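Please model the entire structure based on the sequences and the hints provided.
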Amino acid sequence: MELIVQGISHRYGDIVALDGIDLEVREGETLALIGPSGCGKSTLLGIMGGILAPSAGSVLVRGAVPAGSLNPQTYIFQDFALLPWRTVEGNIALALEHHGLPAAECQARIADVLARTGLAEFRQAFPKQLSGGMRQRVGIARALAVKPAILLMDEPLSALDAQTRELLMEDFLALWLRERITAVYVTHNLQEALRLADRVCVLSRRPGRVREIVSIDMPQAERVTPAAQAHLAGLHDRLWRLIKAEAQVAEREVVDV
Amino acid sequence: MSEARPVTFRGGGFVVVPKKGAALVAFVGLIALWEVSVRFGWISPIFLPSPTSVVEAFWELAVSGTLWLHIGQSLKRLLGGWTLGTVGGLALGFAIGVWSLSRAVGLPLVSALFPIPKIALLPLLILWLGIGETSKVATIALGVFFPTVIATFSAIDGVPRNLIRMGQSFNLPAADVLRKIVLPGALPGILAGFRITASIGLILLVSAEMIGAEHGIGAFILQAGNLMQTDQLLAGVVMLSVLGLLIGTGLNRLERRLLRWR
Amino acid sequence: MILSRFAGLAALVALLALDASGAHAQQMQKVTVGLLKLSSSGAVMIAREKGYFREQGLDADLKFFTAAQQVPVAVTSGDADFGVTGLTAGFYNLAGRGALKIIGAQSREEKGYQLNAYMVTNKAAEGGFANLKDFAGKRLAITTTGSTFHYSIGILAAKYGFDVKSVTLVPLQSLPNMAAAFKGAQVDATIAPVTVARQLEAEGAGKIIGWVGDETPWQLGALFTSPKLITEKRATVEKFVRAYAKGARDYHLAFNARDKGQEVRGPGYDEAIALLAKSLEQPVERVRVGLPYVDPEARLNVGDVYNQVAFWQSVALVDRTVDAKAILDLSFVKGHFNLPK
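Chains as they are written, first to last, in this note's numbering: chain A, 16 to 272; chain B, 2 to 263; chain C, 3 to 343.
There could be a bad hint or two in this list.
Sample of chain A residues facing chain B (criterion: CB under 8 Å; computed from the structure) [what the hints assert, rightly or not]:
#	residue
1	Phe92
2	Phe141
3	Ala189
4	Leu192
I should point out that these hints are in silico values taken from the structure, not numbers from a laboratory.
Only a predicted model underlies this, so the values are computations on that prediction, with no experimental measurement involved.
Note that beta-carbon positions come from the ideal geometry of N, C-alpha and C, so glycine has one too.
Encoded structure:
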């Protein structure tokens, strides 16, 4: 499925968070949204999935909903958003229960995503018993259980420590390459964007506008090879130059929202 | 090079360490001191009857069987009043917590009515509801209702919004968001409220049983006070605290069971 | 407000006393009296306002309480030297432990003095409850178990030969609660003080079918002190009783005069009623209603005190060990009557 963003603007009171955003997320690609803090990237993601109403503009989808998809636009949250009173299994079931699936199918879907995310043995555990990385795996499993057409990820790795992040990123990639789900990936981490994305959309800050869209013409699998490093370093510099000045302003700003 | 010196330890303390049995020893010690003070005449038994005479009064009640009558009647009123007040309080608390309109109307109403001392309303309650069980149960229910409302909507306010957004992002119907996310998320706060309202119910038992009660712990305490039977008065008070202790233990169990995930 | 009023008054009285007896006024002995703001304690208020305590060299400080049972407690704890209030089962339980001694009379229920009324609700009256003999099997609202109202029904039962245990007593802890239950016809009857009774009747909630004083005269209240004060400062107690009895005489002369059963204003009525209104902080019109009978010499109906103890013991509200003789000290007032053989 494709996602088309048309002329989205959004304001919080007097502050223009997003201003005339036009964007297309293509079938099967991973689009990274980067920008300095306060550029409205999370807001844009919320609007894309229909949990925030924009001040102006519209979001469209194109293409058929894949068979068995219960929730075409599905989020993965930065803070995991797991229900602490439900087990791993229960948290995944939450996304399925209200669809009236036969119990057997429910069980099958849960078993499938648990296996795919390596959580099978934690089925009965409560979130508080799990590490941050494991909790985000539950978040991913929950998202996969509804067979999404588009994954909307809001800094899914930023609450994790560096090592866990590396590990989970590799798992993400393995999943991507296999499933090829259309994905929007919000991050402030350039390495993550360069590792995972097909294209990187750089947003400017206040008002948030599309500054540039950078394509990474290199399959994700090849990006770890030594040969790729020079190319990626060049891209990194280019992206950094685009956001550095605004990041400096953002850093010195007193938070007032 | 100078000689190496050990680093002196300066941490420690300021940590709560469980001291088992300390409470029991203090409790027993206090009662022993009380008994001795009365026995040796340091305290006149007119002002403070000795623990043994309180136990005696208790024993007489138990043997004559009226003890169970008092406790049974009071428990019935407590249970009825508490349940009624809690169900009503949960309903309004939920409404205030979930819908902006009911919050706009309900919140000032609760603030205005909560501080009214229920005991001042007794004559009115008698006029409206008579002197039977209804007015006694209503006194307790009224006292329990408002704190339950407040505990409930505060608990709902405390449910993380991101969990609700998550539910919506998976297309959960509103009823499911309430049942599966808001209610369990508010449960710890609601249970904490139960602890308070159970105590309020016990306290109001005495007020409720001012309304022409023949039996009941509150009625017993009132009569003992009116008759200056201080040993019986204290026996009644002990009944109330034991009941409070039992209810507290029960709530602990319930909490451990329902909030296993914490 | 109250304090400043008292202070002013005390100063005035002190000045008068100084004028009358010179240096004597300087050795005033301070005594505290516990009482309720009711006209039944009028003798104390008159004695104080008229300087009778001063004459005896006593500086009497009146401590007002809001419930009858607080007064004996205050005397027991030493917060008050003397107490004047109604006699209840609670009083006897406290006195029985050696904490209190009755030394004189307060008010009493007396024929022709309308103090407390038996009232029946309209509903009960329609059902045929019109006579004082009909109390058996009925529901009677009282303030508390062991109260003066409770005793009143007890002696009524003895008079008319019904079993007091057959009357369902409904204790409601306060007069407003009692009135509310009566208005709502939640009970069949009540025994209410004259002001409450008149108001209930005026509101059409029920009707008065008799007066306690007419049916069963009894010793409603007493003057009491602690045994310790009697042994240690007997002279003080004697002085106090002298002044108190003088106040009681004034009260009796002013308020208790009757002509063919009709109330007549006795000598000193206007002054006494003004003094009471001031002490009670009530309008004169209100004070006029239901002034109880007070013995002019503070003499006790001793036999009734014995009877009270026996009654409370018969309904198991006062301990069996309490002995009426031990809680009475009849040496301060001459002429106590109805002495048991």
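Subject >> Hints not upheld, ascending by number >> reply: When the structure is compared with the hints, numbers 3, 4 turn out to be violated.
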